[in-house]
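Novice: The chain contents come next:
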Amino acid sequence: MPHDRGSNRLEFRGLVRSFGRVAVLDGVGGAVDGGSVLRVVGPNGSGKSTLLRCLAALVRPQAGIIRLVEDGREIDPAARRRRVGYVAPDLAFYEPLTAAENLDFFSRLRGVSPERSGVLLGTLGIPPQRAAGALSSGMRQRLRWAWALLDRPRLLLLDEPFQNLDAAGEAATRVLLLDHLASGGMAVVATPTPLELPHVAVSLDLSQPSAMAGAA
Amino acid sequence: MSVPARSAARRWLGEVVAVFVKDWRAELRTRHALHTLLLFSLTTLLTVSTALGPLGVSPSERVGVLPALLWIILLFAAAAGLPRSFVHEEETHTAIALRLAATPSAVFCGKTLFCASLLAGVELILVPLYVAMMQLSIASAGGLVVALAMGGLGLAIASTLLAAIAAQAQGRAALFPILAFPLLLPLLLLAIELTRGAVEGVMPDAVLVNLVLYDATMAVAGLMLFPLVWNP
Amino acid sequence: MNPGPASALAPAVDTRPPSAIWRALGWLLWLWIALAIVGAFLWAPLAQAFIGQSSRILFFHVPMAWASFVAFLAAGVWSVLYLVRRDADHDRAAAAAVELGLLFAILATVTGSMWAKVMWHAWWNGDPRQTSIVVALVFYAAYLVLRGAVEDPELRGRLCAAYAVLGLVVAPYLYFVAPRMASFTLHPQPVVNTAAKVDVEIRMLTVLLASSLGFTALFFWVHRLRLRLLRIDARKNTRT
Numbered sequence: 001m002p003h004d005r006g007s008n009r010l011e012f013r014g015l016v017r018s019f020g021r022v023a024v025l026d027g028v029g030g031a032v033d034g035g036s037v038l039r040v041v042g043p044n045g046s047g048k049s050t051l052l053r054c055l056a057a058l059v060r061p062q063a064g065i066i067r068l069v070e071d072g073r074e075i076d077p078a079a080r081r082r083r084v085g086y087v088a089p090d091l092a093f094y095e096p097l098t099a100a101e102n103l104d105f106f107s108r109l110r111g112v113s114p115e116r117s118g119v120l121l122g123t124l125g126i127p128p129q130r131a132a133g134a135l136s137s138g139m140r141q142r143l144r145w146a147w148a149l150l151d152r153p154r155l156l157l158l159d160e161p162f163q164n165l166d167a168a169g170e171a172a173t174r175v176l177l178l179d180h181l182a183s184g185g186m187a188v189v190a191t192p193t194p195l196e197l198p199h200v201a202v203s204l205d206l207s208q209p210s211a212m213a214g215a216a
Numbered sequence: 217m218s219v220p221a222r223s224a225a226r227r228w229l230g231e232v233v234a235v236f237v238k239d240w241r242a243e244l245r246t247r248h249a250l251h252t253l254l255l256f257s258l259t260t261l262l263t264v265s266t267a268l269g270p271l272g273v274s275p276s277e278r279v280g281v282l283p284a285l286l287w288i289i290l291l292f293a294a295a296a297g298l299p300r301s302f303v304h305e306e307e308t309h310t311a312i313a314l315r316l317a318a319t320p321s322a323v324f325c326g327k328t329l330f331c332a333s334l335l336a337g338v339e340l341i342l343v344p345l346y347v348a349m350m351q352l353s354i355a356s357a358g359g360l361v362v363a364l365a366m367g368g369l370g371l372a373i374a375s376t377l378l379a380a381i382a383a384q385a386q387g388r389a390a391l392f393p394i395l396a397f398p399l400l401l402p403l404l405l406l407a408i409e410l411t412r413g414a415v416e417g418v419m420p421d422a423v424l425v426n427l428v429l430y431d432a433t434m435a436v437a438g439l440m441l442f443p444l445v446w447n448p
Numbered sequence: 449m450n451p452g453p454a455s456a457l458a459p460a461v462d463t464r465p466p467s468a469i470w471r472a473l474g475w476l477l478w479l480w481i482a483l484a485i486v487g488a489f490l491w492a493p494l495a496q497a498f499i500g501q502s503s504r505i506l507f508f509h510v511p512m513a514w515a516s517f518v519a520f521l522a523a524g525v526w527s528v529l530y531l532v533r534r535d536a537d538h539d540r541a542a543a544a545a546v547e548l549g550l551l552f553a554i555l556a557t558v559t560g561s562m563w564a565k566v567m568w569h570a571w572w573n574g575d576p577r578q579t580s581i582v583v584a585l586v587f588y589a590a591y592l593v594l595r596g597a598v599e600d601p602e603l604r605g606r607l608c609a610a611y612a613v614l615g616l617v618v619a620p621y622l623y624f625v626a627p628r629m630a631s632f633t634l635h636p637q638p639v640v641n642t643a644a645k646v647d648v649e650i651r652m653l654t655v656l657l658a659s660s661l662g663f664t665a666l667f668f669w670v671h672r673l674r675l676r677l678l679r680i681d682a683r684k685n686t687r688t
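Chains as they are written, first to last, in my numbering: chain A, 1 to 216; chain B, 217 to 448; chain C, 449 to 688.
Derived from the structure by calculation, the hints contain no laboratory data. Check each hint, because a few of them may be wrong.
To be verified - Each pair of labels, with its calculated beta carbon distance range:
(1) C:P620 with B:G387: 52 to 62 Å
(2) A:P89 with C:R471: 51 to 61 Å
(3) B:P443 with C:I485: 23 to 33 Å
(4) B:H309 with C:A665: 21 to 31 Å
(5) A:A78 with C:S502: 36 to 46 Å
(6) A:P43 with C:A665: 29 to 39 Å
(7) B:L258 with C:I485: 50 to 60 Å
(8) A:G14 with B:P220: 46 to 56 Å
In this text, all values refer to a predicted model and were calculated from it rather than measured experimentally. Glycine is no exception: its CB is placed at the ideal position from the N, C-alpha and C atoms.
Between the sequences and the hints, there should be enough to build the whole structure, so can you do that?
Specialist: Listed below in C-alpha cells is the structure:
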C-alpha cells in the first residue's frame with residue numbers, strides 16, 4: 001500500500017552530542033522527504049553512526065530537535081524508536097535462535113503478521129532454519145535488512161547498508177530500497193566511501209564544520 | 217475496558233510472553249544460566265553441609281541459623297546466575313534490536329518472569345536437598361512455600377532491575393552484587409524471618425505483609441524506573 | 449575554528465568571589481558549630497544511664513547520622529529532578545550529596561562503634577540501627593562505584609539517578625521495618641535508641657538540636673562547594 005508521499009518528512013536541527021571533550025555532533029542539521037534519500041558522508045569518526053543513532057532514538061542528543069512526520073502525523077521520540085527500520089554494523093541477533101525464530105520474535109513484539117518474515121527471508125535468500133550464530137557475515141547483513149523491513153517502516157536508517165554483501169545480496173537489498181522509496185518511504189544512508197544511491201535529494205558531509213544541509 | 221484498550225493490553229501481554237518464551241528458548245539451547253545457578257547453589261550447599269554437618273548446629277540454634285544460611289545460598293546463586301539476562305544482551309549487542317522493537321515495560325515484565333521462573337526451578341531442587349542434608353524439620357510446609365515464593369519473587373524483580381543497570385556499566389556482572397546487596401538486605405531479613413516462622417510453625421503475619429509490600433514496591437519502582445534505565 | 453554549539457553546553461560557573469552575605473554566613477556556621485561543641489562538653493549535663501562522660505558523643509553521633517539521612521533524601525530528590533528534567537546539574541548535585549552522605553555515614557558508624565564499645569564493651573552488636581547505618585554506607589559506596597563505572601555522562605546520570613531512587617524506595621524497609629522484624633536470637637538484646645528513652649533535660653535537647661542544625665547546615669554548605677567543583681570539572685571536560 002503506497003504511503004502518501006508528501007506527508008512523510010524527517011528534519012533535524014542543531015544536533016549536539018559530545019563524548020567527553022569530543023563534540024562528535026556539533027550542530028548538525030538536515031531534512032528528507034518521502035521518496036528521497038539523505039546521504040550522510042564523512043570519514044571514520046565523523047559522527048555518521050552517532051547521527052543515525054540519534055535519529056533512531058538510541059542515543060539522546062544533548063541539544064537540537066528531531067522531528068519525524070509520518071502520514072501527516074508527528075511522531076514522538078519513544079514512538080519513533082519503535083517505528084524506524086535500522087540497519088547498522090553493530091546490530092546483532094540471538095545466536096542460539098534460527099533466523100526464522102529471530103524474526104518471529106520481533107514480529108510478535110511489533111505486532112507484525114507471521115507471514116511477513118517468511119516473505120522477507122525468501123526475498124533475501126536467508127536460510128530460515130540456520131542458527132543466527134552460524135550465519136556468514138553476508139547473511140547476517142541480509143538478516144539485518146529483513147529485520148529492518150519487518151514492520152514496513154516509513155523511515156529507514158541505514159548505516160553502511162551494503163557492508164559484507166555479495167553482488168546478489170546488494171542487488172536484492174537495492175531492490176528493496178527502491179520499493180521502499182517508491183511507496184513514499186524516506187531513507188537516511190550513512191557511508192564512509194562513495195556509494196551510488198537512488199533518489200538522493202541531499203548530501204550531508206560531516207567532515208565539514210557546521211554541517212548544515214539544505215532542506216529538500 | 218474499551219475495545220482499543222483491550223487490544224492494546226493483549227498486544228502488551230503478547231510482548232511479555234514473547235520475551236519470556238524467547239529467553240527460555242535461548243536458555244534451553246545454551247543452558248548457561250541454569251548451569252550457573254544449579255552448580256553454584258549445589259556447591260555452596262555442599263560446602264555448608266560438609267562444614268556444619270546435620271549435627272553441626274545445636275538444636276536451640278537451628279531455627280536461627282539454618283534459614284539464614286538457606287537464603288544466603290539463594291542470594292549468591294541469584295547474583296551469579298540472574299544478571300546474565302541483561303548482561304548477555306548488552307555484550308552481544310542484541311539489546312539494540314530489543315530496544316527498537318519492544319515496549320520497555322514488556323521487556324521488564326518478561327525478563328522478570330524469566331528470572332522468577334529460573335529461581336523457582338533452583339528453589340525446587342535446592343530446598344528439598346537442603347532440608348534433607350541439614351536435617352531441618354519444617355513445621356509448616358505451606359509456610360515455607362509462601363516464604364520461598366514471596367522472597368524469590370522479590371529477589372527476581374530486584375535482580376532484573378539491577379541487572380539492567382549493571383549491564384550498561386563497565387564491570388557488568390561484577391558490578392551487580394555491589395549494587396544489589398544493600399537493597400536486597402531488607403528482603404533477605406524478611407524472607408529469613410518468614411522461613412523461621414515456617415520452621416517453627418508460627419507464621420508471623422506482619423512479616424509476610426511487609427514482604428508482600430516490599431515485592432509490590434519493587435514491582436512498581438521497577439515498572440517506573442526500568443524505561444528510564446533501558447532507553448535514553 | 450569557531451567552537452560550535454557543543455561548547456554552549458558547558459555548565460556556567462560563577463567566578464566572582466563570594467559575596468559579603470555568604471562570607472558572613474560562613475562565619476556564622478563556624479561560630480554555631482563551635483558553640484555546639486563547647487555546649488556539648490561544658491554546658492550540657494551528663495545522661496543518667498551512660499558511663500562517665502560517654503553521653504557527650506550523642507551530640508555528635510546523632511547529628512552525623514541525621515546529616516547522612518538528609519544527604520540521602522537530598523540525593524533522592526535531585527535524582528528524581530534529573531530523571532524528569534535531564535538537567536546535568538541535578539545529577540551533579542545528587543552525586544555530591546551521596547559523597548557527603550558517605551562521609552557522614554562513616555563518621556556516624558565510627559562514633560557509634562566507639563560509643564557501643566564504651567557502653568556494651570563490643571564494637572558491634574548487631575543492633576538494628578547500627579546495621580542500617582552501615583547498610584546505608586554500603587549503598588552510598590555502591591552508588592559511587594556505579595558512578596565510576598560509566599563514562600558517558602548522560603548514561604551515568606540516568607543509571608545513578610535510578611539507583612538513588614531505588615535506594616530511597618527501599619530505605620523505609622531498612623530503617624523502620626526490618627529492625628522491628630528481625631529477631632536476634634543469637635545476639636544480645638537489641639538496644640533501643642537510648643536518646644529517646646533517656647531522661648532528656650532541656651539543656652541536652654538544646655545542644656542536640658543545635659548540633660543537628662549545625663551539621664545539616666554544614667552538609668548544605670560543603671555540598672555547595674562540592675557542586676561548584678563538579679561544575680568546574682564538567683566545564684573542563686566539555687570545552688571543545
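Novice: State for each hint whether it applies.
Specialist: Against the structure, the hints:
As the Cβ distance of P620 of chain C to G387 of chain B is approximately 29 Å, the hint placing it in 52 to 62 Å is violated. Evaluation of the 51 to 61 Å hint for P89 of chain A and R471 of chain C yields a pass: the beta carbon distance comes to about 57 Å. Between P443 of chain B and I485 of chain C the C-beta distance comes to about 48 Å, which lies outside the given range of 23 to 33 Å. The hinted range of 21 to 31 Å is not satisfied by H309 of chain B and A665 of chain C, whose Cβ atoms lie roughly 49 Å apart.
Evaluation of the 36 to 46 Å hint for A78 of chain A and S502 of chain C yields a failure: the beta carbon distance comes to about 58 Å. One distance hint, 29 to 39 Å for the beta-carbon pair P43 of chain A and A665 of chain C, is violated here, with the actual separation near 55 Å. Distance hint for L258 of chain B and I485 of chain C: a CB-CB separation of about 57 Å, consistent with the stated range 50 to 60 Å. Separation of G14 of chain A from P220 of chain B is about 37 Å and departs from the stated range, judged on CB atoms against 46 to 56 Å.
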